[in-house]
Structure formats: C-alpha cells, structure tokens
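Each protein sequence line maps, in turn, to chains H and V. Per my numbering, the very first residue in the first sequence carries number 1096; after that it's consecutive. Per my numbering, the very first residue in the second sequence carries number 1096; after that it's consecutive.
These are computed hints drawn from the structure, not numbers from a lab. Each hint should be verified, as a subset may be incorrect.
Derived DSS-like pairs (lysine-lysine); straight-line CA-CA distance at most 27 Å [stated by the list, open to error]:
{"hint": "1", "chain 1": "V", "residue 1": "K1379", "chain 2": "H", "residue 2": "K1281"}
{"hint": "2", "chain 1": "V", "residue 1": "K1281", "chain 2": "H", "residue 2": "K1390"}
{"hint": "3", "chain 1": "H", "residue 1": "K1390", "chain 2": "V", "residue 2": "K1379"}
{"hint": "4", "chain 1": "H", "residue 1": "K1150", "chain 2": "H", "residue 2": "K1481"}
{"hint": "5", "chain 1": "V", "residue 1": "K1214", "chain 2": "H", "residue 2": "K1379"}
What the simulated footprint calls covered on chain V by chain H, stretch by stretch (three residues with Cβ under 8 Å from a Cβ of chain H suffice, anywhere in the stretch; the number is not a length) [stated by the list, open to error]:
{"hint": "6", "region": "1152-1161"}
{"hint": "7", "region": "1365-1378"}
Some residues of chain H that are not near chain V, with every Cβ distance over 12 Å (derived) [as the list claims (entries may be wrong)]:
{"hint": "8", "residue": "E1137"}
{"hint": "9", "residue": "Q1151"}
{"hint": "10", "residue": "A1170"}
{"hint": "11", "residue": "Y1225"}
{"hint": "12", "residue": "E1232"}
{"hint": "13", "residue": "D1288"}
{"hint": "14", "residue": "G1298"}
{"hint": "15", "residue": "Q1307"}
{"hint": "16", "residue": "V1325"}
{"hint": "17", "residue": "N1369"}
{"hint": "18", "residue": "S1374"}
{"hint": "19", "residue": "P1424"}
{"hint": "20", "residue": "K1481"}
{"hint": "21", "residue": "Q1489"}
Using N, Cα and C, we set each Cβ at its ideal position, and we do this for glycine too.
2 protein chains.
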Amino acid sequence: MKKNVLIIGAGGVARVVAHKCAQNNDVLGEIHIASRTRSKCEEIVASVHDMGNMKQDGVLEAHALDAMDVAATVALIRKTGCQIVINVGTAFLNMSVLSACIEAGVAYIDTAIHEEPNKICETPPWYGNYEWPRKDECARAGVTAILGAGFDPGVVNAFARLAKDDYVDTITDIDIVDINAGNHGKYFSTNFDPEINFREFTGTVYSWQDSQWKENAMFEVGQEFDLPVVGKQKAYMSGHDEVHSLAKNMGSPNVRFWMGFGDHYINVFTVLKNLGLLSEQPVKTAEGLEVVPLKVVKAVLPDPSSLAPNYTGKTCIGDFVKGTKDGKPAEVFIYNVADHKEAYEEVGSQGISYTAGVPPVAAAMLVASGEWDVKTMVNVEELAPKPFLHILNQIGLPTCIRDENGDRPLDFS
Amino acid sequence: MKKNVLIIGAGGVARVVAHKCAQNNDVLGEIHIASRTRSKCEEIVASVHDMGNMKQDGVLEAHALDAMDVAATVALIRKTGCQIVINVGTAFLNMSVLSACIEAGVAYIDTAIHEEPNKICETPPWYGNYEWPRKDECARAGVTAILGAGFDPGVVNAFARLAKDDYVDTITDIDIVDINAGNHGKYFSTNFDPEINFREFTGTVYSWQDSQWKENAMFEVGQEFDLPVVGKQKAYMSGHDEVHSLAKNMGSPNVRFWMGFGDHYINVFTVLKNLGLLSEQPVKTAEGLEVVPLKVVKAVLPDPSSLAPNYTGKTCIGDFVKGTKDGKPAEVFIYNVADHKEAYEEVGSQGISYTAGVPPVAAAMLVASGEWDVKTMVNVEELAPKPFLHILNQIGLPTCIRDENGDRPLDFS
Chain H
1096 MKKNVLIIGA
1106 GGVARVVAHK
1116 CAQNNDVLGE
1126 IHIASRTRSK
1136 CEEIVASVHD
1146 MGNMKQDGVL
1156 EAHALDAMDV
1166 AATVALIRKT
1176 GCQIVINVGT
1186 AFLNMSVLSA
1196 CIEAGVAYID
1206 TAIHEEPNKI
1216 CETPPWYGNY
1226 EWPRKDECAR
1236 AGVTAILGAG
1246 FDPGVVNAFA
1256 RLAKDDYVDT
1266 ITDIDIVDIN
1276 AGNHGKYFST
1286 NFDPEINFRE
1296 FTGTVYSWQD
1306 SQWKENAMFE
1316 VGQEFDLPVV
1326 GKQKAYMSGH
1336 DEVHSLAKNM
1346 GSPNVRFWMG
1356 FGDHYINVFT
1366 VLKNLGLLSE
1376 QPVKTAEGLE
1386 VVPLKVVKAV
1396 LPDPSSLAPN
1406 YTGKTCIGDF
1416 VKGTKDGKPA
1426 EVFIYNVADH
1436 KEAYEEVGSQ
1446 GISYTAGVPP
1456 VAAAMLVASG
1466 EWDVKTMVNV
1476 EELAPKPFLH
1486 ILNQIGLPTC
1496 IRDENGDRPL
1506 DFS
Chain V
1096 MKKNVLIIGA
1106 GGVARVVAHK
1116 CAQNNDVLGE
1126 IHIASRTRSK
1136 CEEIVASVHD
1146 MGNMKQDGVL
1156 EAHALDAMDV
1166 AATVALIRKT
1176 GCQIVINVGT
1186 AFLNMSVLSA
1196 CIEAGVAYID
1206 TAIHEEPNKI
1216 CETPPWYGNY
1226 EWPRKDECAR
1236 AGVTAILGAG
1246 FDPGVVNAFA
1256 RLAKDDYVDT
1266 ITDIDIVDIN
1276 AGNHGKYFST
1286 NFDPEINFRE
1296 FTGTVYSWQD
1306 SQWKENAMFE
1316 VGQEFDLPVV
1326 GKQKAYMSGH
1336 DEVHSLAKNM
1346 GSPNVRFWMG
1356 FGDHYINVFT
1366 VLKNLGLLSE
1376 QPVKTAEGLE
1386 VVPLKVVKAV
1396 LPDPSSLAPN
1406 YTGKTCIGDF
1416 VKGTKDGKPA
1426 EVFIYNVADH
1436 KEAYEEVGSQ
1446 GISYTAGVPP
1456 VAAAMLVASG
1466 EWDVKTMVNV
1476 EELAPKPFLH
1486 ILNQIGLPTC
1496 IRDENGDRPL
1506 DFS
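In isolation and in its complexed conformation, chain H is listed as follows (with noise of 0.2 Å):
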C-alpha cells in the first residue's frame, strides 16, 4: 500500500488530476501540487476547494518546484512523504523527475512520453530512445514506473489489452482513433500544450504495419470513421506513443493511430508548418534575438485551459481491435465519450484535458492499492486492464463496446 501524492505540473491536465486526486483522497492520502510558478499551483488548490471537491479533510498543499533539479524533487518528495508521483508537466521534464523517483524509491506515473527539447519524432520505438532503457534500474530499486497513463496513451492500450484478453484472441488490427467533436468557439487554438501538439504533427508519422515501421507524411493518409455520438468523422493517421509499445507487446502486425482533424485545423497547422513557424530550432530576427518561432506560435495562442468554460460538444476515443477469436473473424470498438460541459462543470477544465487527467489518477489509486504496484517499468498494456476501467468508470470515464452483439456499456458484473 502506497499513499501521499506528488504531482508534478500546474497545466490544464494537472488541474484535473489534482480534482481527481482529491474526491479520491480517502485512498490516495495528502496531495501536493508543484511547479515552477507556485502561484499556478494555489490557483489550482484554491479551485479545488472552491468546487468542494476534497472528499474528506485532508492536506492539499502547493509547491514551487523546477523539475529539471533531480534533487530538489528527491527533496520534495521526501519532505512531503509521497509515495507516488504523478508527471503532469511538460514532458521535457520526463527523464529528470523518473530519476528523482528512482532515488526516492516512490512510484512515477506520467502520460506521455519523454521529448528533448531541440528532437522531434526520433526513431521508433519512442520508448525505446530514454523510457526502456532504463527498465533495468526501475526493477533493480523496486520502483513502479507506469508509463504513458492518460487515455492516448494509457486507456487505449488498456482497451487493446482487454480486446486480446476477451473479444480477439489473434489480433491483426489495432486502429485507436481520437476524435474531438468539440466547439471551443475560437478562431484557432489547440487542445493543450501547442508545443507539445504540433511537435506531434510536424515530424515523420511513424505507424506499424506488416510488422514493421512505416513512414508517412502528417495529412498523407486520411480515412473517415463511423463512430457512436460524434457520428461520421476524417481522421488522419498521425504519430502518437502508444503505437510504438502496443507494437512491442501485443502482437499484432499493424498498429496505427488515427486523430481527426478539420480544414480549418489543417489549413491553420500547413500554414505555419510551410512557413517554418512551426520549428523547434532558433532562428534569429534581424535585430539579433534568438527566438524559436514555435515558442512564439505557443505565446500567441490562447491558453488551452481558458478554452473550458466555453467548450461545448464531445470526445470519442477508443480502439478498433480485428483479427479473429477461436478461429473466427472477430472485430470489436472499445471506446469512451466525453463530454466538454461536464467536466469544466466537474473540475472547470475541457473535456480533452480531462480525458488526459482522470487515468493518471485511476493508475495511482491501482498502485495504492497494490493492484498495479508491480515494481518494475511498464506500459498500460502490460497489466490487467479491468481494474483500471472499472475505476474509470466511477470516476467519470465509462467505457463502452460495439461488435456484433450492438453497442453497450462495458459489463463489470
């Protein structure tokens, strides 16, 4: 049993974890907040309280902290005596913070994988450049270092999991698909962290397929999808972590990710991007200041957190799973719908960042309670999937099945 969390980070999705974390602190214990700006932090604190969202009394405390510094978190983790950290800041951060818990003996949880600052979309398998390597250390100290558990990745590879486990026995196909049918009633904004979003989108598109990488074009292939609630959506095949495990443990020839995008987005992201607006390498301005033109695309765009209170519409995101079961074809789509409206009413975030938000949480309540301690480093493919969606599902992301049996809430009776 572990207990007292650490999270690390003060954005759009660290206000839905710390809101989580704390209607669930009769498991999780004291919640401490840290960040470069503490004052993000106490905002945060603050909104908590403001929306009673403290299921019992209890320490909600906020930290400044840099994360780069792997000693001051070794400190701060010591000093607050949390047994699990959850990394919700950029994920530049990744690599220093696994080290501080590393040192600290306490469990990391992030959602996305770890990026250097000047690479984009290095070889595949991602995880393969800094999280795996270090699988090693995380076992020889005992440490659970639960990698990439927000919902892409994190829940989707959980459904691909329990598509192998009950629905699919062979799998060929793994289609995951993220469509965001959403209105935020902005001329242009992305989602969260610009940065972060158009790092995605602007490098090669790494896919598995025939049991081997591929590589495309961002906008190169394009397919429309019929989902439940959103309905008829185009989607393109992009670049995104879970592909590069799921294609590692689950045995499938072709793993590909697929996010919907509009021509308003499109044409907004072919702008830049042509224009070099989107780089991550400085250029210089005529009067010699060194500027890397995507930090300044980032500080023009509105902030995704004030995006919540006007956000209307909803989220579809899950998983097309083929291939056959006892020898016979079998396809299933495991999925969840959010909704923008309720979670800003919820925990005053959009519905994106609370996607993002919520399974952290459900992860570290299954490493509290021992379920998904396993004390070595793994992605979320990589444990009993379940407990995880069950816990999902009281916290307020429910998933749901389409096959040939029709289209229902997932059963945990």
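Based on these hints, arrange chain V on the given structure of chain H.
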C-alpha cells in the same frame, strides 16, 4: 546643381538604387552607400562592379552607419561631401535621416512614410503625423525634401499629376492599381521587408471618398481590374502612402489604392493575422523571452532579395483617372509594366525592388540638375511630372497610356 549621393540602406531596393546611381554617375558624381552592416554595402558595391554598372570611373564606397544617430549621419554626409541623400533604409529611420539632412543642408529623398515601430496606420493623412509638420523647417533651411519618390508612392503620384495636366481637368476619381503577376516559386514570400509589408495590411484601410476619410478592413473591398499585359486581376482596397498626399493635393473627391492579392496570399495573411503573429506588440514566451511576433515571422520568411534569381513574370502599376476634360467625360489609365527577369539581369534584383529603386534615382538626377531642387518639402505630385517620367523612360521604367485613343507609350516629343 547638387552632386554626390549618399544611399542609406542595403536591402533589395538599396541595391537597385546603387546600381542605377552608378549607371548615371556622370550626372550624380560620387556614390556612397551606408547601413548598419557595412558588409552588406560592400556586397552591393562588388555587385555593381561585377555587373559593369559604373558608367564612368568614380567613387563607389561602402560605409557603416547607424542612421538613427543623427550626429553620425551628419558627420558622414560632411565627410563624403554628399549633397543628396537617398534614404531607402527601414521606414523607422526617416525622421532621423531628415534631421541629419536639414542640419547638413543637403537634399533628402525617401520612398515611404516614416513609421514608429510600435504604431501602425495612424490618423490620416499619414504625412500629417511626421513629415508635413517639418515642411517649414525644410523651407527655412532651403532643404529639398522629396517624400515618397519610389513607384507607389512616387511615380503613381506623377501619373496623377500628368493626368490632371494633360488628360482630365476636373478629376472625380483616382484609382491606383498595383498588380504583381510574377511568380517567385516559393511557398510564400513578401516582395519587400515583411515587417513593412504586413504592417501595411494589418491596420485600418484608409481611403479618400466623397472628400472624406473612409475606413475599411483589409480584404473587405475587392474588385477585378482588366489591365494591359497582366490581364484580369483581383485587387483589394488597401491603405497606401500616396492616398494621403493625393487627397490633399489633387482636388479629387475620390482617391483609392488597390493592391492585387492571390487567394494563397490572403489565406496565409489571414491565418497569421488571426493568430496574432503579425502583431508589432511584444509577447512573452513561456520561458519569459519578450519578442515581437512580426519580427519572428520576418525571420522565417525568405529574404525578399533572395527571390530575384528565380522570379519570372511582370508587374503592372498604374493610375485610373476619371473626370471631365473640357466639360466632357474623360478617363485615362497611365501605367508601367516591369519584368522581374529583366530587372534581375540588369541589376541583380527582382521587379518589385526595381520599380521601387529606380524612381528615387531619377528624382536625384532632377535634384542634381536643379529641375526638382525646390528647397522645401514636397510630395511628388507637386513637382513637374514630365521630366521625371522622361528620365524613367530612359533608365528602365517606361510610361504607357491607355484611353479612348488606344494603348501606347507616353510621347515625350
């Protein structure tokens, strides 16, 4: 008689000015070229020699100068003995360079209104904000200051005056149309300094209609024009310097400026503007760096002078002037057609730089000869147009006329 020319600036237009001055150094005397970065001036000097553009042996010299520094500019004027300054540096320099010319008692020629870095599209008439308030100062000092002596403003002002002198005695409408039907082969580029280019289009579009200032948004009012050589072209009512002086000096109740834009330009412009990337006001990145978005856009776009080698096609810029002549309806289109490739072959620049850079040299030749050495501040339409157009006819920018009597070169006989 004045002689010896100091060119301020080392961009694409300055290059044309230098080459054209060199081609006419029998009239103009010594040629000096100065900018912050002396190596850029040296590169221009070398290109003049390489292309054999010195008409006769003489001085052609590069200097380092911060033209915001009035004392330094006065010192350079005195040291070089220049009696004519052609200011084709950034529009932010104009008032400093004018101050230096007044102090040194030499002639001043520019090609665009003065701008302050943090302001765009100030109250009309624009010349009333910085230039015209200094007219008395010029007159008292006996200093010739010719404002806006590029193509537009500049030659188009002379076209309007020519129309009034010879073709339309009571003018009702002056519509200046600027079409670039060239192709530079890049995804996107502005044809001159992106910072100045975009600043033209981000603010209010001021036009002079029914003898008063009217405000529109950019791309709000569009119209198709059928022009010689370049054919039917869509153009949009835009703010432009010459509207602000012609409205005062021509007695026409309507003065409008129309700039041709393709759908692709408008799309890129619209995306950048709506995102806030064309703003001249600084933003702060997440890392705390203060940066002006427009300067970053400038940094990622192609250097306009780099377009020249592959630029093909033609420009057509001219004035539709409408009204009555001897009591009967009259209409004339006075225009020039320039060719990007021919410009490059002659002076190593593309056509937009060429049309902007040749006219101030013609103006300098008229100041040198005394014909335009008026010893006060003037806009081009206040000066006799024919000597100007006659020189331009000889040095690369011939004038044509289209009216009820046909489409023909302007006759100077």
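Hints not upheld, ascending by number | 6, 13, 17 and 18
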